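A.B. asks: Chain by chain, the residues run as shown.
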Amino acid sequence: MMDFIQYLGRNTLSSFTKLGRATFFLLHTTAGIFDILPRPRLLLNQLYSVGVLSFLIISISGLFVGMVLGLQGFYILSDFGAEETLGVMVAASLVRELGPVVSALLFAGRAGSALTAEIGLMKATEQLSGMEMMAVDPIKRIISPRFLAGFISMPLLAALFSAVGIIGGQIVGSGLLGVDEGAYWSQMQAKLDFQDDIVNGVIKSLVFGFVTSWIALFEGYDAIPTSEGVSRATTRTVVNSAFSILGLDFILTALMFGDD
Amino acid sequence: MSDSARPHNSLVAVRGLSFSRGDNKIFTDVSMDFERGKITAIMGPSGTGKTTLLKLIGGQLRPAHGSVTVDGSNVHRLRRSELFVLRKRMGMLFQSGALLTDMNVYDNVAFPLREHTHLPESMIRTLVLMKLQAVGLRGARNLMPNELSGGMARRVALARAIALDPMMIMYDEPFTGQDPISKGVLVHLIKSLNETLGLTSIIVSHDVHETSAIADYIYVVSDGKVIGEGTPSEIQSSPSEWVQQFMDGSADGPVHFHYPAKDLQDDLMSSGKRY
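These protein sequences, in sequence, are chains A and B.
For the first sequence, position 112 matches number 112 in our numbering, and the numbering has no gaps at all.
For our numbering, count along the second sequence from 1 and bump the result up by 1000.
To be clear, the hints were calculated from the coordinates, so they are not data collected in a lab.
As the structure is a prediction and not an experimental result, all values here were calculated from the model.
Check each hint, because a few of them may be wrong.
Derived contacts from chain B toward chain A, CB cut-off under 10 Å, selection only [to be verified]:
{"hint": "1", "residue": "M1090"}
{"hint": "2", "residue": "D1102"}
{"hint": "3", "residue": "F1111"}
{"hint": "4", "residue": "E1115"}
{"hint": "5", "residue": "A1157"}
{"hint": "6", "residue": "A1251"}
Listed below are the simulated DSSO-like cross-link pairs for lysine-lysine, each with C-alpha atoms no more than 30 Å apart in a straight line [unchecked claim]:
{"hint": "7", "chain 1": "A", "residue 1": "K140", "chain 2": "B", "residue 2": "K1088"}
{"hint": "8", "chain 1": "B", "residue 1": "K1088", "chain 2": "B", "residue 2": "K1038"}
{"hint": "9", "chain 1": "A", "residue 1": "K18", "chain 2": "B", "residue 2": "K1055"}
{"hint": "10", "chain 1": "B", "residue 1": "K1225", "chain 2": "B", "residue 2": "K1262"}
Beta carbons are placed, not taken as given, at the ideal position from N, Cα and C, and that holds for glycine.
Whole structure, please, built from the sequences with the hints as guidance.
C.D. replies: If you want it as structure tokens, here you go:
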């Protein structure tokens, strides 16, 4: 029993100290953003490796998710003779929920894990220490550009995911199952609200981008500098990001759509 | 050796330094001086915290007690920005080289110049090529770090460490894992750079032969304490059994060959239960 209480106490304490370290890390990182603004090349390089290199996985996944939505939506809606509203259903699901959430989960798996492994290995090979000894702040030089790149990339990737998904739904819905193409698009235009659907979706993906990049970079920076430590940190990035994304999605959805 | 015999014109002075990791005491009340323009070596077996000492001098770690003074500034009293100004004048050569793996040799050496100066690219090119020439690797400027041998990586790191013309360089185990030719090259480089650039060098090493050949003064460290100090010849003739064992590389002596264990016979006759 005493062991259990000790274990509980130790874990609680270490969780809080980790949260404290993560908060300092975040403050330091955001302060560093002002220093990289005069050096856009640092940001552009990271936008390429974090954002552009995630294009393919996001587009292909978006296409398939849209196609599945088209199929499932059609079977349900056609029972009620409402297959013309397929476009609304596909677009609303994607823009409100699946676009931000699934692309954030994919982003955590593709870019987040890569960031953690990269930073963790830089720590293990003393590159971060070396930089500090050269009087270069590794947080400003290495972490801040990656953080900003993740934050900017996420809503763009989520928009790409939704756009490709809507095309996927249209390919299946009107191409294969015979929903009227004009109805697919016009119903979507008429029913989707800019503020309620699109802006809220963008806010969600900004939040997910912020949290995922924070987790990925902090886990890498805080990793024990051994092969095992980096591998554990990478796993924690994916797991913690997934939990955070799904939990925050529920909270954000409740806040955004709760009054309707 | 008494304090009076120690060098007086010291660039780096360590006083009463104590440092622990958790319950593990790494240093207890250590004092050392590193004279300007000289090569001072810190020797001792692996795991005695020699690298930790360099990190304490560079301000990357904070001691529990004691002080480290570099060129008149107490390293651990400085604000972060002041520490960074001081570090621009301190080079450090890490054991692994610590080259940035996403840049080639040229960009690695140019890195501190680009970060800390506003020199035009043509001037940076001249400086980088001069530094690479000094370590004999001007021809390797386009190679990536993963294409370099261990010895070459350390020489590139050395070129990078002298890029800003520092007043001192700290070498962390520069000879470990090197073939005899690379060792010879590094010994020659450390000595000649120290003379031509008027540097103060601190070498942390357990390579007795190479280090004794170039060091002006040696501290032998074990169990968190300085157990011997003096010029290489004084160390060679030290009466301390421990220092003799270390310098001669004997398998047994004050440092035992066996890790502490219970009696062999008892151990062999015991149940063999797995732990």
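A.B. asks: Give a verdict on every hint.
C.D. replies: Now for the hints, and whether the structure bears them out:
For the restraint placing M1090(B) at the interface with chain A, the shortest Cβ-Cβ distance is roughly 7 Å, inside the 10 Å limit, so the hint holds. Given the 10 Å rule on beta carbons, the hint for D1102(B) holds: about 9 Å separates it from the nearest Cβ of chain A. The interface hint given for F1111(B) holds, since its Cβ lies 7 Å from the closest Cβ of chain A, which is under the 10 Å cut-off. Given the 10 Å rule on beta carbons, the hint for E1115(B) holds: about 5 Å separates it from the nearest Cβ of chain A.
This hint holds: A1157(B) has a C-beta 8 Å from the nearest C-beta of chain A, less than the 10 Å allowed. Checking A1251(B) against chain A: minimum C-beta separation of about 29 Å lies over 10 Å; hint violated. Distance hint between K140(A) and K1088(B) is fulfilled; the C-alpha atoms sit about 17 Å from each other, no more than 30 Å. Between K1088(B) and K1038(B) the alpha-carbon distance is near 20 Å, which keeps this suggested pair within the 30 Å criterion.
A C-alpha spacing of about 23 Å is found between K18(A) and K1055(B), which places the hinted pair at or below 30 Å, so the restraint holds. Of the pairs offered as hints, the one joining K1225(B) and K1262(B) holds, with about 27 Å between alpha carbons and a cut-off of 30 Å not exceeded.
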